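Protein chains in written order, with numbering that gives the first Met the number 0: chain R, 0 to 252; chain L, 0 to 368.
The hints are simulated quantities; they were obtained by calculation from the structure and are not laboratory data.
Pair by pair, the computed Cβ-Cβ distance ranges are:
hint	chain 1	residue 1	chain 2	residue 2	range
1	R	Lys184	L	Ile235	52 to 60 Å
2	R	Lys4	L	Leu187	37 to 45 Å
3	R	Thr127	L	Phe195	51 to 59 Å
4	R	Asp196	L	Ile235	52 to 60 Å
5	L	Tyr359	R	Val170	36 to 44 Å
6	L	Val190	R	Val170	42 to 50 Å
7	R	Ile83	L	Tyr359	18 to 26 Å
8	L	Met194	R	Val170	46 to 54 Å
Cβ-to-Cβ under 10 Å is the rule here; a few derived chain L residues that face chain R:
hint	residue
9	Lys117
10	Val256
11	Asn267
Okay, derived cross-link-like pairs now, BS3-like style, lysine-lysine, Cα gap no bigger than 27 Å in a straight line:
hint	chain 1	residue 1	chain 2	residue 2
12	R	Lys51	L	Lys269
13	R	Lys212	R	Lys64
14	L	Lys269	R	Lys73
15	R	Lys73	L	Lys313
16	L	Lys272	R	Lys67
17	L	Lys272	R	Lys64
18	R	Lys51	L	Lys175
19	L	Lys272	L	Lys313
20	R	Lys51	L	Lys272
21	L	Lys272	R	Lys73
22	R	Lys73	R	Lys184
23	L	Lys269	R	Lys64
24	L	Lys313	R	Lys67
25	R	Lys67	L	Lys269
26	L	Lys175	R	Lys64
27	R	Lys51	R	Lys4
28	L	Lys363	L	Lys314
29	L	Lys175	L	Lys269
Note that the coordinates shown come from a computational prediction; the quantities given were computed from them, not determined experimentally.
Heads up, the beta-carbon is just placed ideally off N, CA and C, and yes, glycines get one too.
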Amino acid sequence: MLEVKNLSVSYGQHEVVSDLSFSVNEGEWLMLIGPNGAGKSTIISAVSQSEKYTGNVSFEGRDVKSMKPSELAKLLGVLSQNHIISYSFTVGEIVRLGRYAYSPRIFSKKSDEDEISVERALEVTGMTELEGHYADTLSGGELQRAFLAQLFAQNPRLLILDEPTNHLDLVYQKQIFEIVSQWLKTPGRAVMSVVHDLSLARRYGSRAILLNKGKAVASGSVAEVFSRENLNSVYSMDVYDWMKTQLSQWEDE
Amino acid sequence: MSGKNTLNNKETVRDASASLTVQNKKPGVRRESFAFVIYLGFALVTLAALLFCVCVGSVSVPLKETFEVILKGIFGRELPEGTSQYIILSTRLPRVLCAALVGASLSVCGGAMQGLLKNPLADGSTLGVSSGASLGAVLAIAFGITIPSLPFAGTVVMAMLFAFLSLVVILSLSYKMDFSLSTNTIILIGVIFSMFVSSVMSLVITFASEKVKQITFWTMGSLAGSSYANVLMLFIALVLFGGTLFRYSRELNAFAVGEDNARHIGVNVKRVKLIVLISVSALIGVCVSVGGTIGFVGLVMPHMTRMVVGPNHKKLLPATVFSGAVFLMLADLVSRVLFSPRELPIGVVTSFVGSIVFVYIFYKSRRGK
Numbered sequence: 000m001l002e003v004k005n006l007s008v009s010y011g012q013h014e015v016v017s018d019l020s021f022s023v024n025e026g027e028w029l030m031l032i033g034p035n036g037a038g039k040s041t042i043i044s045a046v047s048q049s050e051k052y053t054g055n056v057s058f059e060g061r062d063v064k065s066m067k068p069s070e071l072a073k074l075l076g077v078l079s080q081n082h083i084i085s086y087s088f089t090v091g092e093i094v095r096l097g098r099y100a101y102s103p104r105i106f107s108k109k110s111d112e113d114e115i116s117v118e119r120a121l122e123v124t125g126m127t128e129l130e131g132h133y134a135d136t137l138s139g140g141e142l143q144r145a146f147l148a149q150l151f152a153q154n155p156r157l158l159i160l161d162e163p164t165n166h167l168d169l170v171y172q173k174q175i176f177e178i179v180s181q182w183l184k185t186p187g188r189a190v191m192s193v194v195h196d197l198s199l200a201r202r203y204g205s206r207a208i209l210l211n212k213g214k215a216v217a218s219g220s221v222a223e224v225f226s227r228e229n230l231n232s233v234y235s236m237d238v239y240d241w242m243k244t245q246l247s248q249w250e251d252e
Numbered sequence: 000m001s002g003k004n005t006l007n008n009k010e011t012v013r014d015a016s017a018s019l020t021v022q023n024k025k026p027g028v029r030r031e032s033f034a035f036v037i038y039l040g041f042a043l044v045t046l047a048a049l050l051f052c053v054c055v056g057s058v059s060v061p062l063k064e065t066f067e068v069i070l071k072g073i074f075g076r077e078l079p080e081g082t083s084q085y086i087i088l089s090t091r092l093p094r095v096l097c098a099a100l101v102g103a104s105l106s107v108c109g110g111a112m113q114g115l116l117k118n119p120l121a122d123g124s125t126l127g128v129s130s131g132a133s134l135g136a137v138l139a140i141a142f143g144i145t146i147p148s149l150p151f152a153g154t155v156v157m158a159m160l161f162a163f164l165s166l167v168v169i170l171s172l173s174y175k176m177d178f179s180l181s182t183n184t185i186i187l188i189g190v191i192f193s194m195f196v197s198s199v200m201s202l203v204i205t206f207a208s209e210k211v212k213q214i215t216f217w218t219m220g221s222l223a224g225s226s227y228a229n230v231l232m233l234f235i236a237l238v239l240f241g242g243t244l245f246r247y248s249r250e251l252n253a254f255a256v257g258e259d260n261a262r263h264i265g266v267n268v269k270r271v272k273l274i275v276l277i278s279v280s281a282l283i284g285v286c287v288s289v290g291g292t293i294g295f296v297g298l299v300m301p302h303m304t305r306m307v308v309g310p311n312h313k314k315l316l317p318a319t320v321f322s323g324a325v326f327l328m329l330a331d332l333v334s335r336v337l338f339s340p341r342e343l344p345i346g347v348v349t350s351f352v353g354s355i356v357f358v359y360i361f362y363k364s365r366r367g368k
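Chain R on its own, in the form it takes in the complex (with noise of 0.2 Å):
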């Protein structure tokens, strides 16, 4: 579906993102894993065009840089890991603006779908009842929920998703996570995400590249990456200790 061949990002000298290729298929979670200032979040930016690069990203063989921002928005669909919000516009205004690659002219009519597509979004997402709600009244995670509508509104083939739970309790993380699993199992779909919590990575994802310093260290199926020797190899600890010695704390009583 997507292909990444010998992607580059830099800063200036300094050079984020070196050499890397990669894919996502259908079906699949891809998950992108690493500590900090690994890159990760370069890359997403870089695949979703909002970042200069060197290389080639191409969806389903058509390189991504000659396509019209509409029509990239009908392929790929990004969740970012926060959101400010200036002015009060409403929920539904807000999954409303997920319809506009298909509807780009102010005085086109809605079709039946775009309306059907955002009740769907937000029926999924759990936000229907918010709909008409300021979105700067709404907790972090509805608001995360509600731009994940807004991302099922625009209804892209391959989710990107930058840490979508980063400032979120366990019960959102959760809902997102099980929310975006769901999704991804009408045929056709794929996801591809940088999760910073290896746990959720290892149980949501299918496969995963493991970065450290801009280059992919390891890349493959989870249980490969997860391998404890690649782990510790770039966090520089005892990983699988670490997370043993968290779990054996909650044994039931």
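The hints should help you fit chain L onto chain R, whose structure is shown.
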């Protein structure tokens, strides 16, 4: 961001079968539908303000007579002799119409800029665009830059060009200093740029004072001596550039939610930004060439209007046309009658009222959070 409000609402909505009516009354909840009545109300208020401003002045003319003169003037009938018809048709009506159009234009520009930059402090005057435009106009007059066969087009074109150049300078400087183009950087550079341009302008005026109007005209504005030619030019500019801004109201909504978000949903971010900035600077340029720099209209009116119709630019931009028009017509009225026969520069009135209102709104909205 607090969740308490939403939680309460959630329950209310779930319990009530007639959820829509209940939702609308709750704080923090707004109806989506387009309220035509609001616009009718705006239009009526604007019309009433227009008539009021034409009637009242150093010589007050009764409403009935004003009506008569205007209607007869429009339909080309014979006019009654007397000073009132001269005052109304040749002085007051064009002036009031200019005030309405300049107010509407500045207010639409402010609304569009605040959306585009996701910044409630953005406006032609805070960003230095207005002072850039007046520098352009002053240079055109001082150096006699004209366009053959269109005598005052040189001033207008120079004002538009300098307004746009100012925006480019301010935004590229901010971009160089702060990649994310943050609110504070743009405002700070805008303010400094304004001061710089004002000093250059004062210099030019000092050496060319016999050609250029008084410095207060360019720094504080005035609509005295407006003509029907000005009205026509302002009207065309408002329809053309204001119309363009309105055409991009969906994109402006996307920008107001966030530039990254706009890019992700498929907005051609660079193109829209350029079109909006060009339209705004052209419209401000025309306004400045007619009325000088009039501050605070573009800053305060979109704020107040947003409180009534919400931030959706499809509703906000048309509404700002009316509110801006009413505000500037009244400000102009105050400027000419308060110390009559002496006239105040209109910017004195708008800045005086505008700054107080703005501080009040800002204080209230900050306290509310």
